[in-house]
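Construct all of the structure, not just a fragment, from the sequences and the given hints.
If you read the protein sequences in the order shown, they are chains A and B. Read left to right, the first sequence gives residues 1 to 484 (UniProt numbering). Read left to right, the second sequence gives residues 1 to 287 (UniProt numbering).
To be clear, the hints were calculated from the coordinates, so they are not data collected in a lab. Misleading hints may appear alongside valid ones.
[Stated by the list, open to error] Listed below are the simulated DSS-like cross-link pairs for lysine-lysine, each with C-alpha atoms no more than 27 Å apart in a straight line: (1) 434(A) / 204(B); (2) 424(A) / 284(B); (3) 19(A) / 326(A).
[Stated by the list, open to error] Which residues of chain A face chain B? A few of them, derived with a C-beta cut under 7 Å, are: (4) 16; (5) 133; (6) 140; (7) 403; (8) 425; (9) 426; (10) 427; (11) 430; (12) 451; (13) 453; (14) 468.
Glycine included, C-beta positions come from ideal geometry on N, C-alpha and C.
Listed below are the residues making up each chain.
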Amino acid sequence: MSFLEYAPAPESTAILDLKPEYGLFIDGEFTPAAGESFLTISPATEKPIARIANATDVDVDRAVAAARKAYDKTWSRLSGRDRGKYLFRIARLVQERARELAVAESLDNGKPIKESRDVDVPLVAAWFFYYAGWADKLEYAGAGSNPRALGVAAQVIPWNFPLLMLAWKIAPALAAGNTVVLKPAETTPLTALLFAEILQQADLPAGVVNIVTGAGDTGRALVNHPDVNKVAFTGSTAVGREIARSTAGTGKKLTLELGGKAANIVFDDAPIDQAVEGIVNGIFFNQGHVCCAGSRLLVQESIHDEVVERLKSRLETLRVGDPLDKNTDVGAINSAEQLARIRELSEIGEAEGAERWSPACELPENGFWFAPTIFTNVSTSHRIAREEIFGPVLSVLSFRTPAEAIAKANNTPYGLSAGIWSEKGSRILAVADKLRAGVIWANTFNRFDPASPFGGYKESGYGREGGRHGLAAYLTSTAKEGQR
Amino acid sequence: MSSHISVPKTYKLYVNGAFPRSESGRVYEVLDSKGRFLANAAQASRKDARDAVVAARAAVGGWSGATAYNRGQVLYRVAEVLEGRRAQFEDEIVKQEGVSASAARDQVDAAIDRWVWYAGWADKFAQVTGNANPVSGPYFNLSVPEPTGVVAIVAPQDSALLGLVSAVAPALVAGNTVVVVASEAHPLSAITLGEVLATSDLPKGVVNVLTGSPAELAPWLASHADVNALDLVGASALEWIDLEIAAAETLKRVLTPEEGPDAATPSLARISAFTETKTVWHTKALI
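The structure is reproduced here in structure tokens:
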């Protein structure tokens, strides 16, 4: 038995008390939908978890009406202090039910339990806690004088961090005084529905948060609804474009957090062991289902071979498998559709001449799996260097000078994030200045904090989530700046 | 009919996470609004004040080194525990101040809400009072507020709980530690607040509560070389200018007395008053 072979250490699902079927959460109650329900499955086993309601236009209309009523009659009349108290309650309830939420998230999404338990759910609580404190301090948020809520916010979130993306959307929206209709992703609705139960426990006034489950049609009906004042979307750039077109001229305030193709730049003076860990975390965290993933590794030529060799040796130690096993590093791909996309782009990478490598690893028979993969000899024109794969696939490129690294890093329509590895502070700061990306991590990667703004340049979207800037997305100011 | 004979609490000091009697052995009588005996309170001495400063100094590293998120959660927990013990506070306020039950309830409500307001600032005030500075040259330049250290406070004298909370909570937000001299006439709520703090995950020594004579204790704190700041909000009846002069010896940051119902009204300025601004320069390479 080698040091890498551990006995399985599965987290028990006994903590879950799931219903066989979930309705929509509208006006404080679970209600049936007009559409035909669908199953949410575990991507690790393909076994069904629960039956989920499918919201049609009529249901979305009902949800928006409930949010409007709650905004007019209740939420907009509460003081910031009282709104904050509800958000603090939610934060505490999330903390109390953290283990249950983590197990549900790993079951429905396929991500390793150690990530849902140690990253996703703690950040969810932190997000609510942070924005709870803002609710009665909006005049300090830098959003202009006399900041006010926008009204009803339509929010559509992706499947990669289901509950965390919900928190990123709902916490600032409610703190600022808006009411919400949120649509979770079709493949990962489970934790949003458990969250609805938390809202009931918190005694949040009915209609302040409404959750409508469904697929693309539901999302389209929601963002196009004439009675929403704000649209917030996290997901693909293609859908983001469609939303930007459809909201044009409607006066709806829009924020978009879209795709990315982040460069992770390793200079020859980098601490290599630390950089290798950062590269692994950058692209294999959450199976690479991360919009800010460091999917393009740019390594200075003089250390290229050494870095690739160490990276391969590190990848040999990654444990791919059961998301609920506490030892698992890389879990299941979220859906058959996503798996097909990753496979297709990887085959294109090979066909275009890049060199493909994966560690030897046994993948489970059922479910959706993809071994961690590295492509070397990648050129900037390859599709695997240009397109977002959204999977555990790393493209390695090299550079000689800092100027070349910057040019290559910026050579993308995206601009969400970037990484810099160097022991030299002056170099890090100079390179960071020149990168056209919304978040720059130096000697770290994939760090998130409610106090820190997150969001992209260019086709990675606009608006920021987190920090003071995240509040601005949900506020308007009555005073005209510069005319006071 | 109940035959229970009540078991009254011994009110002591709250220093370094424990509840010691005054080393001097002194107590003084706390009377209700009609002049009847309520309890004996410890009458802290110079030695007690100095012990409190030692405890507060020792606690600075841990409290200021905690993440802002952690400090915010601990402070929020204080509000949670305060809420749970509100009946006791209301009862003590009625007895000490002689106000109606509803006025006492309002005071406790305000104290809880104020504590929550300040708790929420812990991970935000640096975002509002710090900034990136666009200096002319290839430099990263960032200003951030940091706690000043040990803050000595003379609490408002006319209120049992709200004045105390209004002065103590803001000093804690940035990571300072506190030695507070409670209201001389209404000291009981201060010691009960100490019990709340002691059971709210607040590290020992972060808040130290002294009861006794502000006129006797304040000069020792004002001249103590290991105290960084002095909040004289409740010192209007003292020779407070002399205290300010004493504080000048080690250039303590001083807040002057405030009177009336708006004393120590919630403000970001009360947080900033006990912070130092640190500006970090770092070169940027020419590429």
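*asked:* When the structure is checked against the list of hints, which entries are broken? Sort them ascending.
replied: Violated: hints 1, 4 and 13.
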